[in-house]
Structure formats: structure tokens, C-alpha cells
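Undergrad: Sequence:
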Amino acid sequence: MGTFDNKVVVVTGANTGIGAATAMKFASEGAQVVLAARRVDKGLEVENTIKAAGGKALFVRTDVTQRADVEALINRTLDTYGRLDCAVNNAGVSGPVLVPLADVEEDQWDEVMNTNLRAVWLCMKFEIAAMLRGGAGSIVNISSIYGTKPHDLGAAPYAASKHGVNGLSKSAAVDYATQGIRVNVVAPGYTHSDIIDSYIEQAPELSALVVARHSAMNRVGDASETAEAIAWLCSDAASFVNGAVLDVDGGSTTKLV
0 MGTFDNKVVV
10 VTGANTGIGA
20 ATAMKFASEG
30 AQVVLAARRV
40 DKGLEVENTI
50 KAAGGKALFV
60 RTDVTQRADV
70 EALINRTLDT
80 YGRLDCAVNN
90 AGVSGPVLVP
100 LADVEEDQWD
110 EVMNTNLRAV
120 WLCMKFEIAA
130 MLRGGAGSIV
140 NISSIYGTKP
150 HDLGAAPYAA
160 SKHGVNGLSK
170 SAAVDYATQG
180 IRVNVVAPGY
190 THSDIIDSYI
200 EQAPELSALV
210 VARHSAMNRV
220 GDASETAEAI
230 AWLCSDAASF
240 VNGAVLDVDG
250 GSTTKLV
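According to numbering that gives the first Met the number 0, the sequence shown is numbered sequentially starting from 0.
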């Protein structure tokens with residue numbers, strides 16, 4: 000018996016990195032996973048990988064910044080599986096890197112806020128409505144260690160958006176605590192992804208210095224390690240955990256206090 004046998008889970012940003020690893024983790028534990036992402040090729044690749052391993056998955060092309068797409072995603076989930084038990088809102092962008100606040104352009108600010116914060120609210124709006132119909136549910140929003148404190152210079156839009164995710168999640172946790180819905184946050188540190196791996200490849204020496212400075216464990220995390228934390232928060236084992244922000248960062252935040 001898997002932890003999530005016959006549970007229905009939506010994962011956004013499920014085409015790569017933490018999102019893909021999370022989708023695979025849920026599927027391996029028996030869940031019926033709905034994969035949401037913009038890139039069709041990558042989304043279908045993850046869907047096929049899950050199915051090849053004996054899991055259940057459905058890819059739905061979704062731009063989480065668009066209300067119509069998000070509404071269609073949740074409706075497709077309900078039409079196909081009849082309910083929604085868990086949701087992982089993972090889609091996000093890094094925005095401008097090493098750019099001082101006064102040099103950030105309005106369109107850069109808006110893109111980060113729309114994708115990292117407004118889209119999380121938009122997804123939760125429809126996810127919570129679906130979960131209320133079912134009487135219970137669990138949501139995990141993916142923030143970042145930058146949602147606690149800015150770990151580097153020149154990351155104002157990203158840090159602001161992730162602080163917003165933490166506040167939004169805690170507010171929702173209180174709003175729906177007596178209605179069977181839990182809302183928590185996972186805040187990853189430096190974790191292997193397309194973006195991080197490209198940085199490491201392009202500047203290995205600088206990347207090594209950054210990792211040494213940030214991680215008490217002196218390494219970059221693996222997406223599967225973050226996926227384990229996400230799955231635990233969604234499980235019944237975390238039934239009394241609500242409104243929490245769980246750092247999965249190898250001790251980065253503690254080291255830099």
C-alpha cells in the first residue's frame with residue numbers, strides 16, 4: 000500500500016526539477032498525479048516516465064499566470080478523477096539576478112510577481128474551492144530560503160515574491176484550518192535544477208564558493224530530497240502541521256543567521 004493510494008494530486012511546474020521529482024514521488028506512492036506546466040514536450044516526458052514505471056499521470060498544459068488555464072486545470076482534474084486531495088504549487092521564475100533594486104525594470108518585477116506570487120494565489124483560489132467540495136485537502140506552496148532572508152545581493156523581486164508566498168500560505172492556513180484544509184510551505188535552498196546546474200557548468204569555481212558559503216553540508220541538494228519533504232507535508236503523518244515553513248536547505252539558513 001502506498002501512502003497516497005488513489006489520492007489525486009496536482010503539481011504545477013511539474014516538467015522539471017523539484018516539480019518533476021515531486022510528481023514522480025507521489026506517483027510512486029500510488030497517487031493519481033495531474034502534471035501542470037507550460038512546456039508540452041517536457042510535461043509529456045514526465046507523464047510518460049511515470050506511466051512507464053507503472054504510475055498514473057495526466058499532463059495538462061497550463062500557464063499558471065492565466066486564470067482561464069488554472070480554472071481549466073482544476074476542472075479537468077475534477078472531471079477526470081472526481082476530486083482533489085493535494086496540490087503542490089511549484090511553478091516559478093528566478094527573475095533578474097544580481098540586479099540592484101533600483102535597476103530592476105517594471106516588466107521584470109511584474110513577471111516575477113505574477114508567476115511567483117499572484118499565480119500561487121490564483122491556483123489556491125481554485126484548489127481550495129475543489130477541496131472544500133471534498134471536505135479536506137492539503138496544499139504545499141514552494142517558496143525559497145530567500146523567503147526568509149535575502150541570501151545574496153540583487154535578488155529583490157525574487158525575495159519579495161517568496162516572502163509573499165510565505166505570508167499568503169500562513170493566512171490561508173488560518174482561514175481554512177477548521178475546514179479540513181492544511182496549507183504549508185517548503186523553502187528549498189540551492190537544489191539541482193536546470194537553472195542551478197547551468198550556473199554550475201558555466202562557472203564551476205564561483206559556484207563552489209557559493210555552495211561553500213551557503214550550505215552547512217557543503218553541497219547542492221537533490222530535487223528528490225525536496226520532494227520527500229513535500230510528500231510528508233501532504234501526508235496524514237503531518238496531520239497537525241499547518242502554516243509551517245519547512246526549510247530544506249542543508250542548513251543554509253541556520254548557517255547564515
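Since the hints were made in silico from the structure, they are not lab data.
Yeah, the Cβ is synthetic: ideal placement off N, Cα and C, and Gly gets one too.
Incorrect hints may appear among the rest.
As the list claims (entries may be wrong) - Just the calculated beta-carbon pair ranges, DEER-fashion:
#	residue 1	residue 2	range
1	ASP102	SER223	31 to 41 angstroms
2	PRO99	ALA51	42 to 52 angstroms
3	GLY53	GLY166	33 to 43 angstroms
4	GLY134	VAL173	11 to 21 angstroms
5	ASP78	LEU100	42 to 52 angstroms
6	VAL103	ASP196	22 to 32 angstroms
7	SER234	ALA51	23 to 33 angstroms
8	ASN217	ASP78	22 to 32 angstroms
Undergrad: Each hint: holds or not?
TA: Each hint tested on the structure:
A beta carbon spacing of about 36 angstroms between ASP102 and SER223 agrees with the range 31 to 41 angstroms that was offered as a hint. At about 47 angstroms, the beta-carbon gap between PRO99 and ALA51 stays in the expected band of 42 to 52 angstroms. Between GLY53 and GLY166 the C-beta distance comes to about 40 angstroms, which sits within the given range of 33 to 43 angstroms. Between GLY134 and VAL173 the beta carbon distance is about 19 angstroms. The supplied range of 11 to 21 angstroms therefore holds.
Taking 42 to 52 angstroms as the suggested C-beta distance range, the pair ASP78 and LEU100 conforms, at roughly 44 angstroms. For the pair VAL103 and ASP196, the beta carbons lie near 25 angstroms from each other, so the given range of 22 to 32 angstroms is met. The hinted window of 23 to 33 angstroms between SER234 and ALA51 holds, with their beta carbons roughly 25 angstroms apart. At roughly 48 angstroms, the beta-carbon separation of ASN217 and ASP78 lies outside the given 22 to 32 angstroms, and the hint is violated.
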